[in-house]
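K.L.:
One-letter residues, chain by chain:
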Amino acid sequence: GDSVTQMEGPVTLSEEAFLTINCTYTATGYPSLFWYVQYPGEGLQLLLKATKADDKGSNKGFEATYRKETTSFHLEKGSVQVSDSAVYFCALSDPNTNAGKSTFGDGTTLTVKP
Amino acid sequence: EADIYQTPRYLVIGTGKKITLECSQTMGHDKMYWYQQDPGMELHLIHYSYGVNSTEKGDLSSESTVSRIRTEHFPLTLESARPSHTSQYLCASSEGGNQETQYFGPGTRLLVL
Chain A
3 GDSVTQMEGP
13 VTLSEEAFLT
23 INCTYTATGY
33 PSLFWYVQYP
43 GEGLQLLLKA
53 TKADDKGSNK
63 GFEATYRKET
73 TSFHLEKGSV
83 QVSDSAVYFC
93 ALSDPNTNAG
103 KSTFGDGTTL
113 TVKP
Chain B
88 EADIYQTPRY
98 LVIGTGKKIT
108 LECSQTMGHD
118 KMYWYQQDPG
128 MELHLIHYSY
138 GVNSTEKGDL
148 SSESTVSRIR
158 TEHFPLTLES
168 ARPSHTSQYL
178 CASSEGGNQE
188 TQYFGPGTRL
198 LVL
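Chains A and B, in that order, are what the protein sequence lines are.
Following our numbering, the numbering of the first sequence begins with 3 at its first residue and continues without gaps.
Following our numbering, the numbering of the second sequence begins with 88 at its first residue and continues without gaps.
One thing to keep in mind: the hints can contain errors.
Said to hold, decoys possible - In silico EDC-like links for lysine to aspartate or glutamate, alpha-carbon gap of 20 Å or less:
no.	chain 1	residue 1	chain 2	residue 2
1	B	K144	A	E10
2	A	K54	B	E182
3	A	K115	A	E10
4	A	K115	A	D86
I should point out that these hints are in silico values taken from the structure, not numbers from a laboratory.
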């Protein structure tokens, strides 16, 4: 079945550092790929998404490119801020398999220090 | 901003009590979900629904039950709470089709003593 593997955390960075959180997936169909973010005390919210190969999703300085050849969707940001401290989840969804349910990675906790 | 609500936000109860966690959305989404989130932050799907009168068990076995009598409402019930039910519960909805973005509520943090 479908699965998502993301970089284990926690990740601790200094402000203005470059961020990469790796995400790879296994899917039988042609899924859409997502990054969600969860701030302390809140639910998840969509950060960005890509629906087909070579698409790039971007939002709030974060970006990720759908790489079908490497089955990856790595999250990057050029200069992190303290306010980016949160848990980040990679996810996939394929409406044609798994009844359209989303499959989530285990989450990566990011802490940015001033 | 998504319009999905959960109540209560925090709940502390004794063992053996019956509880209902409320979840409502005003987006008209057909699909709704309940997740249990453990301290390691992993999400486990425990129930989902694809529309009124449709409910299915998720990937993680749960002693809770759900109902879907109205599109906007998807409550989760524990008939007899136990300390092992202590967790954070997240409700979500999606509009379906090819997008499948999920919109999450703020969560209910449950502590069973």
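K.L.:
If a hint holds in the structure, say so; if it doesn't, say that too.
P.N.:
Hint-by-hint comparison with the structure:
Distance restraint check for K144/B and E10/A: the Cα-Cα separation of roughly 28 Å exceeds the 20 Å cut-off, and the hinted pair is therefore not satisfied. Note on K54/A and E182/B: the hinted pairing holds, with a Cα-Cα distance of about 19 Å set against a maximum of 20 Å. With a CA separation close to 19 Å, the supplied pair K115/A and E10/A stays within the 20 Å bound. Between K115/A and D86/A the CA atoms are separated by roughly 10 Å; this keeps the pair inside 20 Å, and the hint holds.
Hint check: a violation occurs at hint 1 only; the rest are consistent with the structure.
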